[in-house]
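J.: Residues per chain, in single letters:
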Amino acid sequence: MTMKAPFQLLMLLGIVFLASSVCVSSRQHDQDQENPFLFKSNRVQTLFENENGHIRLLQRFDKRSQIFENLQNYRLLEYNSKPHTLFLPQHNDADFILAVLSGKAILTVLTPNDRNSFNIERGDTIKLPAGTIAYLANRDDKEDLKVLDLIIPVNRPGQFQSFLLSGSENHQAFLSGFSKNILEASFNADYEEIERVLLEEQKKDPQHRRDLRDRRKRHQSEEANVIVKVSREQIEELRKNAKSSSKKSVSSESEPFNLGDRNPIYSNKFGNFFEITPEKNPQLQDLDILVNAVEIKEGSLLLPHYNSRATLIVTAVEGKGEFELVGQRNENQQEQREEDEEDEEEGQERSRQVQRYKARLSPGDVFVIPAGHPVAVSASSNLYLVGFGINAENNQRNFLAGEEHNVISQIHRSVKELAFPGSAQQVDRLLKNQKQSYFANAQPQKWEEESQRKKGPISSILEAF
Amino acid sequence: MTMKAPFQLLMLLGIVFLASSVCVSSRQHDQDQENPFLFKSNRVQTLFENENGHIRLLQRFDKRSQIFENLQNYRLLEYNSKPHTLFLPQHNDADFILAVLSGKAILTVLTPNDRNSFNIERGDTIKLPAGTIAYLANRDDKEDLKVLDLIIPVNRPGQFQSFLLSGSENHQAFLSGFSKNILEASFNADYEEIERVLLEEQKKDPQHRRDLRDRRKRHQSEEANVIVKVSREQIEELRKNAKSSSKKSVSSESEPFNLGDRNPIYSNKFGNFFEITPEKNPQLQDLDILVNAVEIKEGSLLLPHYNSRATLIVTAVEGKGEFELVGQRNENQQEQREEDEEDEEEGQERSRQVQRYKARLSPGDVFVIPAGHPVAVSASSNLYLVGFGINAENNQRNFLAGEEHNVISQIHRSVKELAFPGSAQQVDRLLKNQKQSYFANAQPQKWEEESQRKKGPISSILEAF
Amino acid sequence: MTMKAPFQLLMLLGIVFLASSVCVSSRQHDQDQENPFLFKSNRVQTLFENENGHIRLLQRFDKRSQIFENLQNYRLLEYNSKPHTLFLPQHNDADFILAVLSGKAILTVLTPNDRNSFNIERGDTIKLPAGTIAYLANRDDKEDLKVLDLIIPVNRPGQFQSFLLSGSENHQAFLSGFSKNILEASFNADYEEIERVLLEEQKKDPQHRRDLRDRRKRHQSEEANVIVKVSREQIEELRKNAKSSSKKSVSSESEPFNLGDRNPIYSNKFGNFFEITPEKNPQLQDLDILVNAVEIKEGSLLLPHYNSRATLIVTAVEGKGEFELVGQRNENQQEQREEDEEDEEEGQERSRQVQRYKARLSPGDVFVIPAGHPVAVSASSNLYLVGFGINAENNQRNFLAGEEHNVISQIHRSVKELAFPGSAQQVDRLLKNQKQSYFANAQPQKWEEESQRKKGPISSILEAF
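Protein chains in written order, with UniProt numbering: chain A, 1 to 465; chain B, 1 to 465; chain C, 1 to 465.
Among these hints, one or two may not hold up.
No distinction is drawn between identical chains; accordingly, a pair holds when it is met within one copy or between any pair of copies.
BS3-like cross-link-like pairs, simulated, lysine-lysine; straight-line CA separation at most 27 angstroms [as the list claims (entries may be wrong)]:
(1) 180 - 40
(2) 269 - 435
(3) 180 - 432
(4) 243 - 142
(5) 297 - 432
(6) 40 - 63
(7) 240 - 432
(8) 435 - 180
(9) 297 - 180
(10) 180 - 269
(11) 104 - 229
(12) 40 - 320
(13) 320 - 180
(14) 269 - 320
(15) 229 - 243
(16) 104 - 280
(17) 229 - 142
(18) 269 - 432
Derived from the structure by calculation, the hints contain no laboratory data.
Bound-form chain A, shown alone (with noise of 0.2 angstroms):
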């Protein structure tokens, strides 16, 4: 009996330890997140795969750091389909702003009265509004579909629902929702040949549903399915009174845009810089979107600057590369801070210490740029990114280096003195040394020799963080 009761001490200290262990542990994870600026391909949920094609949704943004709360009605989509298949219509309570990444579709948007189908093709960015009925075809014989889904819920948060007109097995068509006697009397027939003309055959006996999946599981019926296969002939009466995106305004209020139609914002031989905002595109306006496509030759650099108030999520597409982004230390420290502040009302004083976030960008690979914090961008291959900017009404660029656009070079001479070690004139020969604007060599020849005696060649600088 003595010892039941230290046992039984032991458990009470357990529970309390318990409790205390899930609160630390918790906290330690986040501090170890070693970079949450940035989302490796493998934070993603995959909401449907078949052999056509699959659609994949990343986490949530402010479930990964509380520094993404503004981002907690995002989210990011993936779609990927083969050659010669169709995506069946379908609506969701979300705004949805598609950006072909590569290859040729069909897009077919339905209205009460009408319909609208559009050729759509790499650069090619539309909004879906919510509620729309819209389906996709992949219209090429080769090449894989590839579209990216800025995602806006309309009813809850970060959340949204896909509601499917054709059913399958796993993903009921929505029309089997309603009663019998609903059905009949809106279709003004018999529920037998509804169901037979319009409803999965879903609600036949248990053994039969067995009996179906096995079969769907050896033949992968199309009809099953999300992501089908449609023939030739099929496409070409999609195509019929395709319009193509408007090559001479990205203005329009319902037809997809081109990133690449207008002139780059910023362009030279190391990279070229294509945006369409707000103030350019009715479409972006109320959901106030940009969205930008940016090339990186190899070997380049994006230079370093910071949006003043969009936050930017940028999807490497192809090529690769590095991203360095500067954010404060210990934000999860200071959050703390911020929750314990009623406690602190004698103000000490914050320490500002800036932090590095460098990582590796792959295809696939997602990063976010908070309003604000500086960013630069080298590419070691070819590197392609496309990306989406909430908040972005009135954003503006700023550059911290290179000759155009600079804004470090617009500061007078006597605060110069006082800002930096250097005097003004150090300060102004070493601002001017930069003869390119926006895009440079990332491995300028001048000290291209020296590093390499140092480093090694140009991919040895992209060490992981």
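On the provided structure of chain A, position chains B and C as indicated by the hints.
T.: Relative to chain A, chains B and C alone:
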């Protein structure tokens, strides 16, 4: 003693069990809530009640279910008063959209330099901006006045306060909140006079107050209350210069507009659908609200449809009927999954089973139709519904059956083949079977006989869910 | 053993007690907070302080009380600097609205291709959009510079970061966050030069850094800090081309505007009320903010009024006085009730007891006036207040006493009879007793003698709450 130790162990386990059972039961409880979209008339809190009328506030939407997170700043209030009564002057820290359900009233709205009185009756709608001092008289000799208010608080999400100019025992006048010094200086008068003329005699000694309370309980003295009786002469004064709702346009900045003044947007012999959208009325514009009124005739059906981006909060005003709403199964599990998403990076496929939510409607019942969710409503007796829609701008109503405005009929032939089990020809034939649009016979003649044989008269379709 | 078991039982109970007592005490604590609307000058956190000035941040409103949930994305900052000092260049991930409280400054705002300098002084207000690099000099020879900033973060609710272009030991320059490789490629220069000219010498060996720190502690070396001394010549360079606040209009897109340039909206011998609303100024429009300045003369009173939809955050700049604010009693209980509402479907009537919140004001105190809440402010010495109003569009100020603009006087005669204990005639006579509007004598002559007999001189009305 050997018994005590296990007992203590049991107690220990008890704590753990208690803790976990709370979690389980709350989740269990949520799953038990058979239909979160329906608010029966018992889900209200009475804010005020006397012999002249009552004020009732519907439960917070977001407290009912997490799926209504986007409704957290909207409340629904029902006001009911007897003939020849007045709701005394007050203001609120919330915007109100009033819709008269029945009866005849005079609404007076004060501004610092003016006042405006309006004769309002069934179908009349007006916005009372936050902070507006207003009073409302039932000017009819016989009919009760029923008003429905959508409330959008400005200070705290989902919470609002009423500031009463006139006090009673339970509802102090807000002027009595100022100190004697401030009141004397403000009114340039002696405090006794201010108290005698403007404030209730509530500052008297406790014994006096007790007497007063007893006396009031016996006599139900009117001046002690928020809704009071008014004489015919007093109503005459209010009626003077009162304007009626603008018959010409629904676009006034501050005057009431009648839902029925414009032509119905959908109409046939089975029903009528009236709607004022933010695009049509400046009062609804900044709040992004729509208001509608739907009449469904006995034995008729509002055909299956969904709202592309608006969420509708609908009140059954008169008649009986039934609604069916299609959502996703296992909302709660999905929620849980969302929360656990970080552990799920392996990415398992989500199944999407549709769920039918079905309920009988009686006067006073409220139901919510989230954006994108298909819904159908049938009437077993003439049914009159009034709805407020949030997130209303650019909302589109997509019908899923009926001859006109049927989004399914716009699908390409080849896609119909792929999406539905029937051939495109079968699908088209089925879609053309319904000759009505928007509203139809809930028990089509063709099927009536057979159905009645199987199921009895029309009322039998209205089984509780 | 018979003692141990009860002991263990006590421990068990102890856990339960501990758990519940935490809840109780936190609630207790809230109820103890006598006046959540007042933030005395100790509720600040010092972000920076040296011999040249300091930067202080007010506690988060929403951490103080749940009633300020709608203020969660607003922060208030106070900047103070000595004559001939400069706040070095930096940008923030937040919009700032600056209001100069006293002193004379030169504000320089950088754009990628230009810079603008402004002479600003007391009453001048300007918006610094998020991400703007700016620096601020106190150009006066004698007077301290005091600036009040309303801060609206763009990344995280209620939290913002400053990015400093120039570094010191405790506040690193953000450029030092980039790697050697990125900096060398960006500036096309050797890292040693970049470090020497642009970055602080913080990468030196630990011993050197320790020496440096010691030296700085002794000498308070200026370049190590955020606010530094500037020479008269340096100020002259800044002053060159500096514009003054636009005297003609308050509607500039980017230039400062002075609160006092327009006629006061309310004015008499007892006080002046200046206000710039979002309708009047494009800089305030997208943030939906108003800025006002109120002078209340010694012994005067700003008459009881409420704001229809704006919530005001008011700082006492000079003088002493007192405010009275009328709210609802038992906020906390009401909150709790709201949370428990689901259990309350029986619907018990809510009692509405008004509560007076009263406090003395000294320079540096901040108070919040939520929308709809009546307030009055009296001055025991000339009082100067500066306020920021959120949710400001279409805000209306309704006065409850005074000759003009008095909303109570608009009530129908018959309703006055019903609403107040006095007759309509008595009410009208009382309302007409105050000949002043907006501002009045806090100690009217008529009552002065009597009051003084009872209560002593004017200061005696200013009792602490």
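J.: Are the hints correct? Go through all of them and say.
T.: Going down the list of hints, with the structure as the test:
no. : hint      : result
1   : 180 - 40  : between (47 angstroms within a copy, 25 angstroms between copies)
2   : 269 - 435 : within (13 angstroms within a copy, 64 angstroms between copies)
3   : 180 - 432 : between (76 angstroms within a copy, 18 angstroms between copies)
4   : 243 - 142 : within (22 angstroms within a copy, 63 angstroms between copies)
5   : 297 - 432 : within (23 angstroms within a copy, 57 angstroms between copies)
6   : 40 - 63   : within (15 angstroms within a copy, 35 angstroms between copies)
7   : 240 - 432 : between (56 angstroms within a copy, 24 angstroms between copies)
8   : 435 - 180 : between (73 angstroms within a copy, 19 angstroms between copies)
9   : 297 - 180 : between (60 angstroms within a copy, 21 angstroms between copies)
10  : 180 - 269 : between (65 angstroms within a copy, 23 angstroms between copies)
11  : 104 - 229 : within (15 angstroms within a copy, 62 angstroms between copies)
12  : 40 - 320  : within (13 angstroms within a copy, 55 angstroms between copies)
13  : 320 - 180 : between (55 angstroms within a copy, 20 angstroms between copies)
14  : 269 - 320 : within (18 angstroms within a copy, 65 angstroms between copies)
15  : 229 - 243 : within (23 angstroms within a copy, 64 angstroms between copies)
16  : 104 - 280 : within (25 angstroms within a copy, 40 angstroms between copies)
17  : 229 - 142 : within (14 angstroms within a copy, 68 angstroms between copies)
18  : 269 - 432 : within (19 angstroms within a copy, 60 angstroms between copies)
Of the numbered hints listed earlier, not one is contradicted by the structure.
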